[in-house]
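Just need the whole structure built from these sequences, with the hints factored in.
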Amino acid sequence: MKIIIITGGSRGIGASTAAQCAKRGMGVILTYNSQPDAAQTVVRDIAFEGGKAVALKLDVTDSTSFPAFRQAVSAALQTVWGRTDFDGLVNNAGYGLFNPIATVTEEQFDGLFNIHLKGPFFLTQALLPLIRDGGQIVNVTSATTRVATAGVAPYAAFKGGLEVLTRYMAKEFGERRIRANAVSPGAIRTELGGGIDDAFEALLTSQTALGRIGEPDDVGRVVAGLLSDEAGWVNAQSIEVSGGYMI
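Throughout, my numbering is defined as the position within the sequence shown, counted from one, plus 281.
Derived by calculation from the structure, the hints in this document are not laboratory data. Just so we're clear, the structure is a prediction, and the values are computed from it rather than from any experiment. Please note that a few of the clues may not be correct.
What the hints assert, rightly or not - Distance condition first, Cα-Cα at most 27 Å in a straight line; then the derived DSS-like pairs of lysine-lysine:
| no. | residue 1 | residue 2 |
| --- | --- | --- |
| 1 | 399 | 452 |
| 2 | 333 | 283 |
| 3 | 452 | 283 |
| 4 | 304 | 399 |
| 5 | 338 | 283 |
| 6 | 304 | 333 |
| 7 | 304 | 283 |
| 8 | 338 | 304 |
As structure tokens, then:
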């Protein structure tokens, strides 16, 4: 059984990815920061369908907590699955901020940097000894790295950095046969950045070739697919999952 760690797995794309991985017979360790009840709901839903999942608390913006988190992961692996390693890491946790460059504060900038680039970098570093040879890493980025959208400059810049980092992970971890890919969602119906109201949805729908905005499962299925053996020759790629947004 593959075992996958998914950061930010209590809602949205992370929760969908957890469910999609479990449907494919994978064990799941999902993380949450401020929503333990939502995380436990995901765990219970997976268990109801016959899968195995564990929720662990993690603040991806606090790199000093990563050694303790690695210990918690090791304990969960041994207790639940009788293993000392895991197979895949999904760096998904994050939040959005809509603010023009002229008014972004340094505190806001640092917060977005910590969760979208610094956190994934050092969390991957901390967990690397526990990833089995032949494992997988999937970094969740954003279509805003391709299409400039006013008001999300820091978010998009750090997602762009994560996209570049993905290729370096693939390069440096290749000798261990660890694949690294990025998934770049377009407009998805989640709570990121406060959600999408009807008027904004109508605008995004008009800009999307398939005529709707995405749902979390549209992305979760792709991430789970990249973690499977069927995608074993896909490496160092950034795959946009947007229904044809702004083409």
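Verification of the hints:
Our distance criterion of 27 Å between C-alpha atoms is met by residue 399 and residue 452, whose separation comes to about 19 Å. Distance check on the hinted pair: residue 333 and residue 283 sit about 11 Å apart at the alpha-carbon level, within 27 Å; holds. For the given pair, residue 452 sits about 23 Å from residue 283 by alpha-carbon distance, which is consistent with the 27 Å threshold. Between residue 304 and residue 399 the CA atoms are separated by roughly 31 Å; this puts the pair beyond 27 Å, and the hint is violated.
Restraint check: the Cα-Cα separation between residue 338 and residue 283 comes to about 21 Å, which is no more than 27 Å; the hinted pair holds. Restraint check: the Cα-Cα separation between residue 304 and residue 333 comes to about 10 Å, which is no more than 27 Å; the hinted pair holds. With a C-alpha separation of about 12 Å, the suggested pairing of residue 304 with residue 283 holds against the 27 Å cut-off. Under the criterion of a C-alpha separation no larger than 27 Å, the hint pairing residue 338 with residue 304 is consistent with the structure, at around 23 Å.
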